[in-house]
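A.B. asks: Protein chains in written order, with my numbering: chain A, 1 to 119; chain B, 1001 to 1119; chain C, 2001 to 2119; chain D, 3001 to 3119.
Calculated from the structure, these hints are not laboratory results. Predicted model, so just to flag it, every value in this text is computed and none were measured. Where hints are given, some of them may not hold.
As the list claims (entries may be wrong) - The list that follows gives simulated cross-link-like pairs (lysine-lysine, BS3-like), each with its CA atoms no further than 27 Å apart:
{"#": "1", "chain 1": "D", "residue 1": "K3115", "chain 2": "D", "residue 2": "K3102"}
{"#": "2", "chain 1": "A", "residue 1": "K115", "chain 2": "C", "residue 2": "K2103"}
{"#": "3", "chain 1": "B", "residue 1": "K1096", "chain 2": "A", "residue 2": "K103"}
{"#": "4", "chain 1": "B", "residue 1": "K1064", "chain 2": "A", "residue 2": "K64"}
{"#": "5", "chain 1": "B", "residue 1": "K1102", "chain 2": "B", "residue 2": "K1115"}
{"#": "6", "chain 1": "A", "residue 1": "K115", "chain 2": "A", "residue 2": "K102"}
{"#": "7", "chain 1": "B", "residue 1": "K1063", "chain 2": "C", "residue 2": "K2102"}
{"#": "8", "chain 1": "B", "residue 1": "K1103", "chain 2": "B", "residue 2": "K1115"}
{"#": "9", "chain 1": "D", "residue 1": "K3096", "chain 2": "D", "residue 2": "K3115"}
{"#": "10", "chain 1": "A", "residue 1": "K103", "chain 2": "D", "residue 2": "K3102"}
{"#": "11", "chain 1": "A", "residue 1": "K115", "chain 2": "D", "residue 2": "K3064"}
{"#": "12", "chain 1": "C", "residue 1": "K2115", "chain 2": "C", "residue 2": "K2102"}
{"#": "13", "chain 1": "D", "residue 1": "K3115", "chain 2": "C", "residue 2": "K2064"}
{"#": "14", "chain 1": "A", "residue 1": "K115", "chain 2": "A", "residue 2": "K96"}
{"#": "15", "chain 1": "B", "residue 1": "K1063", "chain 2": "A", "residue 2": "K115"}
{"#": "16", "chain 1": "D", "residue 1": "K3103", "chain 2": "D", "residue 2": "K3115"}
{"#": "17", "chain 1": "B", "residue 1": "K1115", "chain 2": "A", "residue 2": "K63"}
{"#": "18", "chain 1": "C", "residue 1": "K2064", "chain 2": "D", "residue 2": "K3063"}
{"#": "19", "chain 1": "B", "residue 1": "K1063", "chain 2": "A", "residue 2": "K64"}
{"#": "20", "chain 1": "C", "residue 1": "K2103", "chain 2": "C", "residue 2": "K2115"}
{"#": "21", "chain 1": "C", "residue 1": "K2063", "chain 2": "D", "residue 2": "K3102"}
{"#": "22", "chain 1": "B", "residue 1": "K1096", "chain 2": "B", "residue 2": "K1115"}
{"#": "23", "chain 1": "A", "residue 1": "K115", "chain 2": "A", "residue 2": "K103"}
{"#": "24", "chain 1": "D", "residue 1": "K3096", "chain 2": "B", "residue 2": "K1115"}
{"#": "25", "chain 1": "D", "residue 1": "K3115", "chain 2": "A", "residue 2": "K63"}
{"#": "26", "chain 1": "C", "residue 1": "K2096", "chain 2": "D", "residue 2": "K3115"}
{"#": "27", "chain 1": "C", "residue 1": "K2063", "chain 2": "D", "residue 2": "K3115"}
{"#": "28", "chain 1": "C", "residue 1": "K2064", "chain 2": "B", "residue 2": "K1103"}
{"#": "29", "chain 1": "D", "residue 1": "K3096", "chain 2": "A", "residue 2": "K64"}
{"#": "30", "chain 1": "B", "residue 1": "K1102", "chain 2": "C", "residue 2": "K2115"}
To be verified - Reference excerpt, derived from the structure (chain B facing chain D, CB under 8 Å, subset only):
{"#": "31", "residue": "A1036"}
{"#": "32", "residue": "S1038"}
{"#": "33", "residue": "V1039"}
{"#": "34", "residue": "A1042"}
{"#": "35", "residue": "E1046"}
{"#": "36", "residue": "Q1049"}
{"#": "37", "residue": "W1050"}
{"#": "38", "residue": "Y1104"}
Where is the CB? At the ideal position from N, CA and C, for every residue including glycine.
There are 4 protein chains.
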Amino acid sequence: MTHSTDSLQQLTQALAHFAAERHWQPFHSPKNLASALSVEAAELLEHFQWLTEDQSRALPADKKEAVAFEMADVLLYLVQLSSALEVDLLEAARRKMVLNAKKYPVDRARGSNVKYDEL
Amino acid sequence: MTHSTDSLQQLTQALAHFAAERHWQPFHSPKNLASALSVEAAELLEHFQWLTEDQSRALPADKKEAVAFEMADVLLYLVQLSSALEVDLLEAARRKMVLNAKKYPVDRARGSNVKYDEL
Amino acid sequence: MTHSTDSLQQLTQALAHFAAERHWQPFHSPKNLASALSVEAAELLEHFQWLTEDQSRALPADKKEAVAFEMADVLLYLVQLSSALEVDLLEAARRKMVLNAKKYPVDRARGSNVKYDEL
Amino acid sequence: MTHSTDSLQQLTQALAHFAAERHWQPFHSPKNLASALSVEAAELLEHFQWLTEDQSRALPADKKEAVAFEMADVLLYLVQLSSALEVDLLEAARRKMVLNAKKYPVDRARGSNVKYDEL
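This is chain A alone, in the form it adopts within the complex (with noise of 0.2 Å):
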């Protein structure tokens, strides 16, 4: 699977083909696949946990690997969580930045982690 035009939308109808094939949709209720995505999440973090922040952004490469594994195991289940509820993934992302770029003005955000009911 090398196209150019390789996308979230292919990715969506493989993964919509791989549990029809396996007749999970009974399990794949919107409250079962949001409880899956969280807890991939949070293997992804367990590969942090321990870590400090400078080791984090030094990661040796089989341990870059299996968090990019982890990385795709929460993109699979947003995907499948996203024809569940026909939810446009991309379009409700860019909706968000335009948000969030309201709620944290430059002049005001720069340089500050505080959240932005405080700024």
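Fit chains B, C and D to the given chain A structure using the hints.
C.D. replies: Same frame as chain A, now just chains B, C and D:
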């Protein structure tokens, strides 16, 4: 932003610019981004925690909108983490799907919610 | 350890000794302990992610045992975090219950799964 | 509630009463309680996500208070889940510590942040 070539690529660049404008790179260690991602995954899950599976399959419009924004938040951190670690998200997802096909062969996994090490 | 005065107190001391013996204090910043706690909470959730709510109310004995150990893991990190931050867990829990009683008055909250800011 | 015999036991009873008064038992399947617990664990983690480890070791008083309440939330759901599943939390924690002592023998685990299967 309604080009037919909209993709993760453009989102990645927009996010890099957003963070650079705000001088947020010092806070964006992979360790911190992984934490933020799991926090957003939990905010997504929170919308479903008291719903039944059937209710989760029939979300009212306002709830679906809120959920779409949480999914966007997860994607935004996933993309920022992929930049920080130089991980190709779609490529990792495709490779993971190949692995998953081996872990869950159709004949053995059909109709089953059992984890691969117990199949 | 089967004294009738067994309590969180004794667990707290046993954990402090366990970590000190292994020179783990440098890794046990509150930031890291909070990460580890959320990772364990997700491992607990993983046991339920594909089960229905009814199945979760009738766990087979081996599954219940595995779940008990995940709950233990969560408690162990919660206690270590309370030591690191000098937080009295039971006292905080009691104060939080007083707050919860105000957020969810019986007459308005009865039979409802709605969050307090929407009651 | 300031008895010197305050314990998890009393908290357990108080929580059972609180939920019964509000007719919340239908929502409190173990599956849902485990979800709620992981959501609270993430709210706890959120307080630390942009802090450095050193900053997390020196929290200002107001931040420490907010964190104490999140820890309380985690404990409250952990206790409710232990009631729902009839799991003795302290006993499970003690048994898990015995297992952990075997997984992380002092001589091999000292000063190491490596997971037991890589020790």
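A.B. asks: Please go over all the hints and tell whether each is borne out by the structure.
C.D. replies: Hint check results:
no., hint, result
1, D/K3115 - D/K3102, "holds (13 Å)"
2, A/K115 - C/K2103, "holds (24 Å)"
3, B/K1096 - A/K103, "violated (36 Å)"
4, B/K1064 - A/K64, "violated (34 Å)"
5, B/K1102 - B/K1115, "holds (13 Å)"
6, A/K115 - A/K102, "holds (13 Å)"
7, B/K1063 - C/K2102, "holds (25 Å)"
8, B/K1103 - B/K1115, "holds (9 Å)"
9, D/K3096 - D/K3115, "holds (16 Å)"
10, A/K103 - D/K3102, "violated (49 Å)"
11, A/K115 - D/K3064, "holds (16 Å)"
12, C/K2115 - C/K2102, "holds (13 Å)"
13, D/K3115 - C/K2064, "holds (24 Å)"
14, A/K115 - A/K96, "holds (16 Å)"
15, B/K1063 - A/K115, "holds (23 Å)"
16, D/K3103 - D/K3115, "holds (9 Å)"
17, B/K1115 - A/K63, "holds (23 Å)"
18, C/K2064 - D/K3063, "violated (36 Å)"
19, B/K1063 - A/K64, "violated (36 Å)"
20, C/K2103 - C/K2115, "holds (9 Å)"
21, C/K2063 - D/K3102, "holds (22 Å)"
22, B/K1096 - B/K1115, "holds (16 Å)"
23, A/K115 - A/K103, "holds (9 Å)"
24, D/K3096 - B/K1115, "holds (23 Å)"
25, D/K3115 - A/K63, "holds (13 Å)"
26, C/K2096 - D/K3115, "violated (35 Å)"
27, C/K2063 - D/K3115, "holds (23 Å)"
28, C/K2064 - B/K1103, "holds (25 Å)"
29, D/K3096 - A/K64, "violated (30 Å)"
30, B/K1102 - C/K2115, "violated (42 Å)"
31, A1036, "holds (5 Å)"
32, S1038, "holds (6 Å)"
33, V1039, "holds (5 Å)"
34, A1042, "holds (3 Å)"
35, E1046, "holds (5 Å)"
36, Q1049, "holds (4 Å)"
37, W1050, "holds (5 Å)"
38, Y1104, "violated (22 Å)"
Comparing the model with each earlier hint shows violations of hints 3, 4, 10, 18, 19, 26, 29, 30, 38; every other hint is respected.
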